[in-house]
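Taken in order, these protein sequences are the chains called A and B.
For the first sequence, this note's numbering begins at 282 and goes up steadily by one.
For the second sequence, this note's numbering begins at 4 and goes up steadily by one.
Check before you lean on any hint, since a few could be wrong.
Derived pair list, reagent style DSSO-like, types lysine-lysine, alpha-carbon separation capped at 27 Å [claimed, not checked]: (1) B:K137 x A:K369; (2) A:K359 x B:K208; (3) B:K375 x A:K359; (4) B:K375 x A:K316; (5) B:K375 x A:K392.
By construction, these hints were calculated from the structure, which means they are not laboratory data.
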Amino acid sequence: MSTKSQEKQLITLKSWDEEEFVVEESVAVKSETIKNIIEDCGLELIPLPNVDGKTLAKVIEYCTKHSTGSNDDSEDLKKFDDEFLDSKEIPVLIDIVLAANYLNIESLVEKICTKIADRIKDMSVEEVREAFKIENDFTPEEEKKIRNEHAWAFE
Amino acid sequence: MAWTSQLPEFIIQRIQSFLSTKEAVRCSVLSTAWHQAWSTSPFLVFNQNLFEDTTSRFLNFVDTNLMRYSSNNIRINLLCIIVVTLSGTNLTSLLDKWLQIAIECGVKQLYLSLPQVNSLHTLPATIYEAASLKFLDLASFKFDNNFLTRTIKFNSLRYLALHYVYLDELMIHKLIFSCPLIETLILDCCSGFQRFQLTSHHALKVFHIYAKEIQAVEIDAPSLQSFTCKFGRWTLPCAIKTDSSKHLRNLCLKAVPINDVFFHNLVSKLPFLENLNLQNCTSLRRINLLNHQLKHLAINSNLPMQMDWIEMNTWNLQSLHYHSLNELPYFTFSNNTSLQMSSCLALICYGDLHFSWFCKLFDFLKKTGHCKVQIRVQSHARLTVNTAEFRAIPVAIQHSQVEELWVNIWSSRSTFETLLEGLFWSCRPKYLMVYLNNGVDNMFVDFVREKLILERRDVLNCCHRFHIKCWRHFLADVKIVSSYETLSGESVDETTVSCFELNWV
Chain A
282 MSTKSQEKQL ITLKSWDEEE FVVEESVAVK SETIKNIIED CGLELIPLPN
332 VDGKTLAKVI EYCTKHSTGS NDDSEDLKKF DDEFLDSKEI PVLIDIVLAA
382 NYLNIESLVE KICTKIADRI KDMSVEEVRE AFKIENDFTP EEEKKIRNEH
432 AWAFE
Chain B
4 MAWTSQLPEF IIQRIQSFLS TKEAVRCSVL STAWHQAWST SPFLVFNQNL
54 FEDTTSRFLN FVDTNLMRYS SNNIRINLLC IIVVTLSGTN LTSLLDKWLQ
104 IAIECGVKQL YLSLPQVNSL HTLPATIYEA ASLKFLDLAS FKFDNNFLTR
154 TIKFNSLRYL ALHYVYLDEL MIHKLIFSCP LIETLILDCC SGFQRFQLTS
204 HHALKVFHIY AKEIQAVEID APSLQSFTCK FGRWTLPCAI KTDSSKHLRN
254 LCLKAVPIND VFFHNLVSKL PFLENLNLQN CTSLRRINLL NHQLKHLAIN
304 SNLPMQMDWI EMNTWNLQSL HYHSLNELPY FTFSNNTSLQ MSSCLALICY
354 GDLHFSWFCK LFDFLKKTGH CKVQIRVQSH ARLTVNTAEF RAIPVAIQHS
404 QVEELWVNIW SSRSTFETLL EGLFWSCRPK YLMVYLNNGV DNMFVDFVRE
454 KLILERRDVL NCCHRFHIKC WRHFLADVKI VSSYETLSGE SVDETTVSCF
504 ELNWV
C-alpha cells in the first residue's frame with residue numbers, strides 16, 4: 282500500500298494507445314474501478330486497456346471538476362455538466378459512457394444516459410439509426426410485425 | 004461501423020429507462036439488439052399520461068408485458084405504473100396480480116399511482132411480502148383493515164413516499180416500525196392522523212410531511228438532515244419537536260403557525276443548519292438567526308405577514324430571498340456577518356405599497372451595501388405616496404446601489420410613474436427591467452425611455468427650490484440593453500423584458 286503523505290498522491294493513468302495522464306489520487310478514485318485497484322495493489326501507474334487517450338482525457342476532465350469538494354447539487358457543477366455533455370456528439374458521448382461504465386463512475390454513466398435519451402426523444406427511428414450507426418438487422422417482415430404490434434407508438 | 008452493437012445491453016436499457024414508454028417502444032425497432040434490450044429491460048415504466056390510447060388498451064399493455072416477464076423469468080428492478088383514469092375495470096385484482104409478478108421478479112423500486120378519487124383503492128396485501136423492495140412510492144391508496152395484524156417485510160426499504168394515502172396513527176407507527184433502515188420518508192397530502200411521532204430512528208435522513216389535520220410532529224432521529232413540514236391549517240396550536248436532530252441541514256416550514264419563541268427554540272438547536280425556508284409562517288414577528296452555517300435563507304408569503312425584525316448573525320450567508328405582499332421587515336446584520344459579494348438578495352413585493360416600504364428598502368440597502376441585490380416589484384394597486392415624503396429620505400448613493408430592479412407593468416401609467424419615482428428615490432439600480440406578464444409592450448417601453456432619457460432635459464429646473472435634489476440629477480446616462488444575463492442566471496432579451504442600463508453619478 283502506498284504510504285499516505287501530506288502531499289497529494291499522484292497517480293498515472295495509461296490508455297491503450299499509450300497516452301499517460303498524471304492525476305491526483307482524489308480525482309482518480311472517482312472511478313470505483315481505479316479505487317479498487319489502488320486499494321488492492323497500491324499501483325501508481327495504472328494501465329487502462331479499455332479506454333483510448335482522447336476519451337480518457339474527457340473522463341479525467343469530468344472527474345477533476347467533480348472532486349473540488351463542493352456539493353454535487355451546486356449550480357456551477359450542473360452548468361459544467363450541461364456544457365460538458367451538450368457540446369458533444371452522440372458517438373463521442375457513447376465513447377465516454379463506455380469508458381465511464383468500465384471505470385465504474387456511476388454518476389457520469391447516469392448523466393450521459395439521460396442526455397442521450399433527451400436527444401433521442403425528438404429523433405425519428407431513421408435519425409437514431411444514423412446517429413448511433415446502428416445496422417438494422419431486422420427483416421422487413423419482422424420490423425413490420427413489431428410496428429403493428431405497437432401501432433399506437435408509431436403514429 | 005456498427006460499433007454500437009458493442010453497446011452493452013444494460014447501457015441501452017439504461018438509456019431506454021429515461022425514455023417514455025412510447026419512445027422506448029420506438030427504439031425497440033432500431034435493431035434486434037435494441038429490441039432485445041427493450042423487451043428484457045429491468046426498468047418498466049407504464050405511464051398512462053404518455054400512452055395515447057384507451058384505458059383498457061393501457062391496462063392490457065401493462066398486463067401483457069408483465070405476464071411476459073413472469074413467464075420468461077426476466078428480472079425487474081424498477082416498476083412504475085401510473086394510472087390516470089379508471090374505466091370501471093376491476094383494478095384491484097389486476098394490481099394484485101401485477102404486484103405478485105413484480106415481487107417474484109425481484110423488484111427493488113416500485114412506484115404505483117392511481118387517480119385521486121373519493122373511494123381510495125386498497126393496497127393489495129401482496130406488497131407486504133416484498134422483502135427486496137428498496138424504494139416504494141404510492142399515491143392514492145388506503146391500507147386494508149387487517150393491516151395492523153399483518154407481517155410486513157420491508158426490511159430493505161430505504162425510501163418510502165406516500166401521497167394522498169389515508170392512514171391512522173397506529174398504522175403509521177406499524178409501518179415505520181417495519182422499516183428499520185428507512186432513510187427517506189415522505190408523507191404528502193396524507194390524512195387520518197393528527198400527531199406524528201417517530202422514536203429512535205437512527206437511519207432517517209430526509210423527512211417531508213404534509214398532512215392537512217396535523218397538529219404535532221415529534222421526531223427523534225439523530226441522523227436527520229432534511230426536514231420539511233407543511234401544515235394544512237393556520238390557526239391550530241401546534242408543536243414541532245426535533246430535539247435530537249442536531250445535524251439538520253435543511254429546514255422548510257410551510258404554513259406552520261409557530262410564534263417567535265417557539266421558532267427560536269427550534270432553530271437555535273440546529274448549529275449545522277444551511278438552508279432555511281419559511282413559507283407563509285404568518286405568526287412570526289421578530290426572529291433572530293444565530294446559525295453560523297446558514298447559507299440560504301428564503302422567506303415567502305402570499306398572505307399578509309407581520310414580520311417586524313430579522314436579526315442575522317450568519318456570516319456564511321450566500322443568498323437571501325424575501326418575497327412578501329407589501330411589507331419588509333427591518334434587517335439587522337451583526338458585525339461579524341460579512342455578506343459575501345456573491346450573495347444574492349432578492350426582495351419581491353406584490354401588493355399595495357406604502358411609504359414605509361420604501362423607507363425600509365432604503366434601510367436594507369444601506370445595511371447590505373456591497374452585495375448584489377435584485378428587487379422585483381409587481382404593484383398594481385394605488386400607491387399612497389407623494390414625492391414630498393420622499394425628499395425626507397436622506398439618499399446616500401453609495402448605499403443604495405441595486406444590481407437589478409424589475410418592475411412589472413400591471414397598472415396605469417400614472418401608477419407606474421409614481422412607483423418608479425418612489426423606487427428611484429430609494430435606490431439606484433444599475434439595470435432596470437420593465438416587463439408585462441405577456442411580453443413587452445412597445446408603447447410602454449417608449450414611455451419609460453421618454454421618462455428616463457428625455458425628461459432629463461428639464462433636470463435643472465425641477466429641484467431649484469429644494470436642498471435635496473431628486474434622482475434625475477444623479478442619472479448620468481441611460482442605455483438600452485438588448486440581452487442580459489440576470490443574477491439568477493436567466494438570459495433575457497428584448498422580446499421578453501425591456502432592459503435599461505443606468506449610469507448614476
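Hints and how they fare:
1. Restraint check for K137 (chain B) and K369 (chain A): not satisfied, since their Cα atoms lie roughly 35 Å apart, outside the 27 Å limit.
2. Between the alpha carbons of K359 (chain A) and K208 (chain B) the distance comes to roughly 23 Å, so the proposed pair stays at or under 27 Å and holds.
3. In summary, the hint linking K375 (chain B) to K359 (chain A) is supported, as the alpha carbons are separated by about 22 Å, within the 27 Å threshold.
4. The hinted pair formed by K375 (chain B) and K316 (chain A) fails the criterion: a straight-line CA distance of about 42 Å is larger than 27 Å.
5. For a cut-off of 27 Å, the pair hint linking K375 (chain B) to K392 (chain A) is broken: about 33 Å separates their Cα positions.
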